[in-house]
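Residues per chain, in single letters:
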Amino acid sequence: MRRIIAISSAVIMAVAVAGCGGGKLRSQPKTSGTGNNKTFVYSYSLDVVTDWDPATSYSNEIIAMENIYESLTKYDPQTKKVSPRLATSWHAADAGKTWTFTLRTGVKFHSGRTLDAAAAKDAIDRTIKLKGGPAYIWDSVSSIQAPAADTLVFHLKYAAPLDLIASSDYAAYIYDTKAAGTTDLKTWLSKGHDAGSGPYTVGSWNKGQETEVRLTAFKDYWGGWKSNQFQAVEFRVTPQVTTAWQLLQRQQVSFVFRLTPQLFAQAQQNKSLHTSYASSFENLLAFFNTASGPMADLRVRKAVQSAIDVKGLIAALKGSGVAASGVIPEGLIGYHDGLTLQQNLPTARSLLAAAGYGPGHKPLTLSLTYAQGDTDQQLFVTLLTSALSQLGVKLNAKPEQWNAQWDQGKSTDPSKHQDIFVMYWYPDYADPYSWFANLFHSANPPYFNMSYLADKSVDNSIDAMPALTATDHAQAEAAYGGLQTEIIQNQAAVAPLFVQNYQRAYLASINGYVANPAYPDVVFVHDLTTGS
Amino acid sequence: MLRFLLRRIGQAVAVVAGVILLTFVIQRVIPGDPAVAAVGPKASLEQLAQARHDFGLDQSLPIQLWNYAVGLLHGDLGTSLHTHQAVRHDLGAAFPASLELVGAGIVLAALIGVPAGVLAARYRRRSADAAIRVNSMLAVSVPTFWFALVLQELFATKLGWFPVAGEYTSSLDQTSPLHIYTNMTLLDSLITGNWPIFTSLIDHLVLPVIVVAAYPAGVIAQLTRAALIEEITQDHTRMERSLGFSERSVLLRFSMRPALNPVLSVAALVFAYSIVNTFLVESVFNWPGLGSYAVDAIRSSDTPAIAGVTLLVASTYVVLNLLVDLVQSMVDPRVRLS
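Top to bottom, those sequences are chains A and B. The numbering used here numbers the first residue of the first sequence as 816 and each following residue consecutively. The numbering used here numbers the first residue of the second sequence as 104 and each following residue consecutively.
These are computed hints drawn from the structure, not numbers from a lab. Owing to the predicted nature of the structure, the values given are computational and were not obtained by experimental measurement. Even for Gly, the Cβ is constructed at its ideal location relative to N, Cα and C. Some clues are possibly wrong.
Said to hold, decoys possible - Every beta carbon over 12 Å from chain B, so not counted as near; a handful from chain A, in silico:
1) 875
2) 936
3) 947
4) 956
5) 1204
6) 1209
7) 1211
8) 1253
9) 1271
10) 1325
As the list claims (entries may be wrong) - Going by beta-carbon spacing under 7 Å, a handful of chain A positions derived as facing chain B:
11) 839
12) 865
13) 1024
14) 1058
15) 1216
16) 1219
Given only the sequences and the hints, what does the whole structure look like? Please build it.
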């Protein structure tokens, strides 16, 4: 016993001695210096930051980054156009191949340095050079010039809508490339520093902790501060939606970014909460194998398309999705009403019979891959399995992790390809080009083109879209309409299923929240005001 | 004793080597390209190739295994594809919080389980025994996740007695910043005298610790009861009774020590089991431990992180088993001979 007491005492003393030494602070207290202590607490289900570098960041950290960094332009969901941000005006010349942006004056980086055209050029040049994240958005840029402190000129290799590109959710941030001084900028940023010009700056970053990131107000922000704005933002990691819901009810968090349909219904009844029901730019698509297997036959593809019950799927989703009308979600150029698929089993049956399948003909088995753990995709698969079984078609559906699903889909051996590939797609800036260039342009070997469509006229139409969008909005609108008719109706290469809806809730004391589908899950906290 | 010690350490090393081989094989047989997890779902061909090169995935499997083993010998568990940080660093930040939670849970389980087992053995086949057996059965069989949600809903949301989730009130980071030495908040706040965080943490710890303690408490109670009942039917207890010792003395003075031997062994294994069992509890209560890290790793197909967690948990099992064997061999020489 005495030995145990002696050992315990030694351990306690050792620890106490350690306690008298340095140790590092878990969180460096940092006040905004702008007056109040109002904190906006964002409840997020995943860890927040995986990459602090604004050049290469391409993940969850967008919810923090968009409050720290700014781009030249910003997509406005109300006007459905881009609006000024760091650039106050812009214009295109040379048939969309030269773009001139006039920059806002009096903007300072968090480092204290003035944001001018030379600094903006350095930032974009670095982003292009690092080739991380979606740096490809700048692919059209040939060179950048800064002829005056407030003038930034882009020379392009081919015409492109640079005002839209400059509003991208990733890779379009303007940052101070000299913020780290003589230290390597990437290393410096990876410690949780920032080089932005936005309304908030990083106060603390505690990887793995519940409150992972805390942002504090940047007092010299060009947009200024009012007394009823939030002076700090906390990102609180809450893996379980039920826990997030309880924290919101007890007002321990301000905002829950996604609720289940059941909890959303409860939130709508709660007078101390506001809810937001907004459509996104993210849609679920089922790609049909146009190159090999039974679905290489157009009649089989059209039959499967006719078997899909989009209406039933939307009812089963209980508000977490709206029926897709074509490949392009509402709010983007080229969106058209009336392209929603309608289930028609007699038509499907006769198409299959014409192709030699179904009762009295050859048996047909189709393979399908989809994302493991995604309940909405599972719902679609269940409904399709049921519909196809009525037609005598067996569906072998396989849930897989994305990398396994994608590996199979882009295999160079066509015999390994699935017949139906289900996946979500979303754009990196508010333009539909991304869907067509990535998903329907021919590619050998296949990359994201999971319908394996290889059609020269479709390719040519897609290639013409950036220039058309930059120069002739009305013609671009019509051209996207034509492309959708060709791909969905004539070629039956894809079945657009639904567009995801965001069901969110936040404290009723918060005003000014507008969901912006171009920046998924982002709350622009500087735009908010609070009554209490 | 030395031979026994060396033999057991040799066995432990062999088991850990087996786990290393297994975790490596698992990393490589999981379908799909791990580089995709590193660069995201919309990566370009160039970015994928770069990631494969950075993570050594473009080398042959034997060379990858060799590099993996050499890295492990230097304490390098690889780089997480998701967090882009060293897995060792990530585990070092997450594991102490889990140890804190599980440690507190096991202490509570022992404080409840052992007396309950003794009471059940003492009043065998009576109502107290029946009540303890039913409750311990319930504690063992109730799903952890469900139990966590029920406690949270009842005691945090409805009654408001305890916080809903979290390790401590986050605003304390601004008013009473914590100095970190061990990454165990409880210990760090105690040794630095940070009472606001210490008291807040105790408040936040209550509900998750009750959930974590439920299963081990049930197991310990049942095992203590069984071991004590076996012990009190031995010849030596008949002699002790005939010598006039009270039933209490027979139970606590003479039968308890040998009966606790198997309980200690199982408690160590339950401790290691609880580390994994706690993953869901951490998820419900936002506890910043290994569970949240493992869930994120699985969700993002982060194979080095998954392998790191597997290796850490397996090593914990092995080390605890080894310690129990050593302690038992000191207490009971028959263990060494067997």
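- request: Identify every previously stated hint that the structure contradicts and give their numbers, smallest first.
  value: Violated: hints 1, 3, 8.
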